[in-house]
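S.K.: Letter by letter, the chains look like this.
4 protein chains.
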Amino acid sequence: MNVRIALIGAGRMGATLAHHLAFSLEMADFVAIADPNPENATGLAQKLGVAAVYSDYQEMLARSDLDAVVIVTPTNTHVEVIQAAAAAGKHIFTEKPLALTLAGCDEAIAAVEAAGVKMQVGFMRHFDPAYMAAKQKIDEGAIGRPVMFKSTGRDPWRTSLEYARRENSGGLIADMGAHDFDLARWLMGDEVVRVYSEGECLVFPELKEVGDIDNAVVNLKFANEAVGNVDLSRNAIYGYDIRTEIIGSEGSLMVGGLQQTPVLLLKPNNVSHDTIPGFMARFATAYAAELRAFVTAVAEDRPVAVDGRDARAVTAIGVAATRSLDEGRPVWLSEIG
Amino acid sequence: MNVRIALIGAGRMGATLAHHLAFSLEMADFVAIADPNPENATGLAQKLGVAAVYSDYQEMLARSDLDAVVIVTPTNTHVEVIQAAAAAGKHIFTEKPLALTLAGCDEAIAAVEAAGVKMQVGFMRHFDPAYMAAKQKIDEGAIGRPVMFKSTGRDPWRTSLEYARRENSGGLIADMGAHDFDLARWLMGDEVVRVYSEGECLVFPELKEVGDIDNAVVNLKFANEAVGNVDLSRNAIYGYDIRTEIIGSEGSLMVGGLQQTPVLLLKPNNVSHDTIPGFMARFATAYAAELRAFVTAVAEDRPVAVDGRDARAVTAIGVAATRSLDEGRPVWLSEIG
Amino acid sequence: MNVRIALIGAGRMGATLAHHLAFSLEMADFVAIADPNPENATGLAQKLGVAAVYSDYQEMLARSDLDAVVIVTPTNTHVEVIQAAAAAGKHIFTEKPLALTLAGCDEAIAAVEAAGVKMQVGFMRHFDPAYMAAKQKIDEGAIGRPVMFKSTGRDPWRTSLEYARRENSGGLIADMGAHDFDLARWLMGDEVVRVYSEGECLVFPELKEVGDIDNAVVNLKFANEAVGNVDLSRNAIYGYDIRTEIIGSEGSLMVGGLQQTPVLLLKPNNVSHDTIPGFMARFATAYAAELRAFVTAVAEDRPVAVDGRDARAVTAIGVAATRSLDEGRPVWLSEIG
Amino acid sequence: MNVRIALIGAGRMGATLAHHLAFSLEMADFVAIADPNPENATGLAQKLGVAAVYSDYQEMLARSDLDAVVIVTPTNTHVEVIQAAAAAGKHIFTEKPLALTLAGCDEAIAAVEAAGVKMQVGFMRHFDPAYMAAKQKIDEGAIGRPVMFKSTGRDPWRTSLEYARRENSGGLIADMGAHDFDLARWLMGDEVVRVYSEGECLVFPELKEVGDIDNAVVNLKFANEAVGNVDLSRNAIYGYDIRTEIIGSEGSLMVGGLQQTPVLLLKPNNVSHDTIPGFMARFATAYAAELRAFVTAVAEDRPVAVDGRDARAVTAIGVAATRSLDEGRPVWLSEIG
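Residue numbers (my numbering), protein chains in the order written: chain E, 1 to 337; chain Y, 1 to 337; chain W, 1 to 337; chain D, 1 to 337.
Rather than coming from a laboratory, the hints here were simulated on the basis of the structure. Incorrect hints may appear among the rest.
[Unchecked claim] Once the Cα atoms are required to be at most 30 Å apart in a straight line, the calculated DSS-like pairs of lysine-lysine come out as:
#, chain 1, residue 1, chain 2, residue 2
1, E, LYS267, W, LYS135
2, E, LYS96, E, LYS267
3, W, LYS137, D, LYS267
[Stated by the list, open to error] FRET-style restraints, in silico, Cβ to Cβ:
#, chain 1, residue 1, chain 2, residue 2, range
4, D, LYS47, W, GLN58, 31 to 37 Å
5, Y, PRO268, D, ALA299, 34 to 40 Å
6, Y, GLY278, D, ARG329, 34 to 40 Å
7, W, GLU327, E, ALA299, 52 to 58 Å
8, D, LYS208, Y, ALA284, 44 to 50 Å
9, Y, PRO129, D, ALA299, 54 to 60 Å
10, D, LYS208, Y, ALA223, 17 to 23 Å
11, Y, ARG243, W, THR42, 53 to 59 Å
12, Y, GLU250, W, ILE336, 52 to 58 Å
Fair warning: this is a prediction, and the values are worked out from it, not measured in the lab. Virtual Cβ for every residue (Gly too), placed ideally from N, Cα, C.
Input sequences plus hints: build the corresponding full structure.
M.R.: Put into structure tokens, the structure is as follows:
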């Protein structure tokens, strides 16, 4: 039996996920799209052959012939949409972050658990072939005990000023660092217990005016005493740069690279290649694979790969690391609940 | 208006192209599958939601509501299927090679031209992002005048003995070299005029019994006097290895690489990574893109990217290079028509 | 006129520098070796054709026909040997670190300045072709304003327990981090003003017994507000791993790599290469070049490339970062003078 | 007992080898330099501390206190100098090629064998760490049976027109190909039995006027039936490009790379690094190591690594491959003696 699925939020990222829902998932029937902007929803529905369009997602949730929803709305609406979807008995795939606050995460988790539905959060790196291979090698013991975690997350462009505000994105550390904090927990198989951040607005002074920074380094301490560091930058103007290292007692792993296509141009005393333009290009297969995993989990009634409690833990690290930046001191995760 | 398209041949490669027809091409309606083995066709049709199945492709060609066909039948049937499809007024996408003989190529081209339909041949590297980027750089003049062409085509496994026979595949040089000979013409923007081959059966003695070899090097001379070399091997047991270099008067290009996923495992005095498992993994996006290009050419009535005359020229190089191997002398393309 | 030069300390590193003094420096006459162990000194002198050997370096310093000394004694003797050499009017090249304490650094600097001799400290990365190229590109403005500094320093082996003690090496952060802190100042063209360290003893429990750790991450804050991170590990069992990144407003630089010789071994689904065995292999040319630079500076009476004040600043960062580890808080450089 | 050694020929390459003789070889006493141009010899002798200088090498050979000579004279003088040195009972290190003709090779070999002296020929790649590692892996069986040999030899500049003449260098194929033909024999552990060349003058028309070409590909057939290809170019304007592959039945090897220093510059959509400027930079350690090996072989009375018969075999391949180019047909090595 196929999973009847609908999309809530037909913006840029919504359109990407919608494409995968429409074309890559044999086990899903993509039946409806909801978006307050009817042009977004209608255009996408026509292009992808989706039958129904709604400007009010609540109306769509009322349909009994709907099994699951994919939520790609602005972050500050995640909790209320999740609550509504859970109350309607729909399984939920939501884009990350679950919420910017721990209170929001807790409300979402409570709603989902009360309704007995599944919720997967869109930390898509769990479905990237490279990160999956790394995770498998760690689990096989190829590097022994992981003792240091290093991760780089750098964007080639400045985000919009509106998005950069703390209330919208959580700021550089919570926003861009979320994927790295997620990797830290997943790959190290451990919890972060203390963080310390250094960060500044160095390249885009306009970010400072909205309270954000553009470069940061965050030290991590894990429960099992391993250490780590995440660096984040908005000015990797060379290209999208996502790399992770796990140093183990018996070997190490490096995940990621800088090159998009395998072409070298050789000119006098210069060999050059391209870079990765952005996260869509880097993680194209992962976006399809995370939806496939969600649909499969729903269809076969199995646990999802990244659930609400995972997402809450990621938010907690981001909140703590941001507080560290604000207060100029190491912050224990236990301080923030 | 969408292009109504059908598949002829539902084997392994047919299934791959069928998947792209079903899921990746908004401008195509995938309406039917023909295969003499009804299980192949039916299974694929059900999986992909294709309405009609035929065991006799001729019957399918009789449908008036069909615009185009994708031919993925055994090579020795290409000409007759193309003739039938052309006679039925259908546009044609055919897997490479067009035919193993120049006579076969000529018959197919004549049928297509008489019927006034389009025919694209499946030299999919024209649609690989890396080779496309290289071609664009050459056309922009980034490397000046191309003066040397080098290409490597190596498979990680031995082909079946049945397929290896000259009458089925054309033998190692014509079969595996076809893509390299195609690249030679396309990237150098020139015609090959003379070839010389060295080759032997060195690793798989059973190939010798069916008249084939497993390793070869083929020197090329171009009309504009540029030189080239293609090396072919069936025992690249490390992985699928496809690389090309174009040396120019003002720079050079290298296309291709050995790594599938960007993961390094670091062990004592050893850094290792994976390899590319096979052509499906390496050229996954190219297979989708070539079909998209064909459907677009049909829908918009524009020329196809790789036509019958291109395919004939590739066959001619393969025939000449194989004759060179047999006769132990350089062979001019002009000798073989 | 050649510089008449002598070596003080004929241990393993002393022997390496001695080889360069004997064979690579046309402008130097290598005239004497002093070492309390007469076997060390005599063996080396015979092998390299050095005329005089001393068990007491003070005696050697009394020679009037000696222009300069190269000090490769245990760190805790650096200050007294420097004071003696300066008092004798000899120019000084000393291995890093200058001293483990700021007081020691100050005494050494005072002695040198009072005597009016030159002193160069052995931060040899300033003379490595890769780091030199990076520095030049930064100075040319190729990456705009440097805003983030990242550096990795990892050894493939555990140091001796005796050396690991704080009183002998300064501990992991001060000892192994010294080169990275030196790079931080040099490449960023700025001073570190605040540090925060996380570190643990995770792989070699015996290190804990002598008060040391084996893995650490150190966040840096610079005077111009740039940020940075240094990671250090004693269990890079794969090989010596020294890499540095400088992220700038208009580009970035990566220095360093993992491969010693350009040889790839390709086996089924596995491409592998070797690693760099240790610092001697990685920085072989730099050790020769730093001595050449010192001899040239003496011969031509020009300033040395890395002087006592540079070395003091590096010690200060190490002391602050170690205090941060001990006290679990960010430490300002201004706190420690 | 040290080997008393002298240099014959103090040009550019002679000066390079002289530097190694003077500074890197503890077992050699560098006692004299001969060069018809007294300025060359005197300048070099003063710089390196060599006691005696001769304008007539015959006079130098008359010294009884001389054990060996290093011959770095123009190729067309090699045979006569070798004959004189052998007649004087001196061991001989000669730059490659031994001679441009087989007759010349035979005369030199006969003189050496008659005199009972040792002769090593300067195919220095045998002493390059990367090629040595590859050879060792092949000998250990890491790649099973070698079945294909591929080698690239490309210079970043056009040679002088005078040198390009057949009578001076042997032309592109014999001259630049010599190192690749040497590698072919050494790494494959086999003899080349047939060659076929394609080549043209495509970039530097002035080379055509002196009878030379600038790009060539040479197919190889080995006695054990393995196949191979060498490509040669004078217009690798990007940098010195020396790479070799050996494809085996159970694995493969790639030797060589394009990068001189491990520095990446990252600019918008572009990652670039430097290239290798020339053979001196690429093979610096090999030049020192080959002389060390020669001196050791003399001192310990052991066979040299690359002798006259090896060098003759390399010349034979070059002669055959050049004849193939001239006559437009495959040429058997047996044809040319």
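S.K.: All hints, please: hold or fail.
M.R.: Evaluated hints:
no.	hint	result
1	LYS267(E) / LYS135(W)	holds (23 Å)
2	LYS96(E) / LYS267(E)	violated (43 Å)
3	LYS137(W) / LYS267(D)	holds (12 Å)
4	LYS47(D) / GLN58(W): 31 to 37 Å	holds (36 Å)
5	PRO268(Y) / ALA299(D): 34 to 40 Å	holds (36 Å)
6	GLY278(Y) / ARG329(D): 34 to 40 Å	holds (38 Å)
7	GLU327(W) / ALA299(E): 52 to 58 Å	holds (54 Å)
8	LYS208(D) / ALA284(Y): 44 to 50 Å	holds (46 Å)
9	PRO129(Y) / ALA299(D): 54 to 60 Å	holds (58 Å)
10	LYS208(D) / ALA223(Y): 17 to 23 Å	holds (18 Å)
11	ARG243(Y) / THR42(W): 53 to 59 Å	holds (56 Å)
12	GLU250(Y) / ILE336(W): 52 to 58 Å	holds (57 Å)
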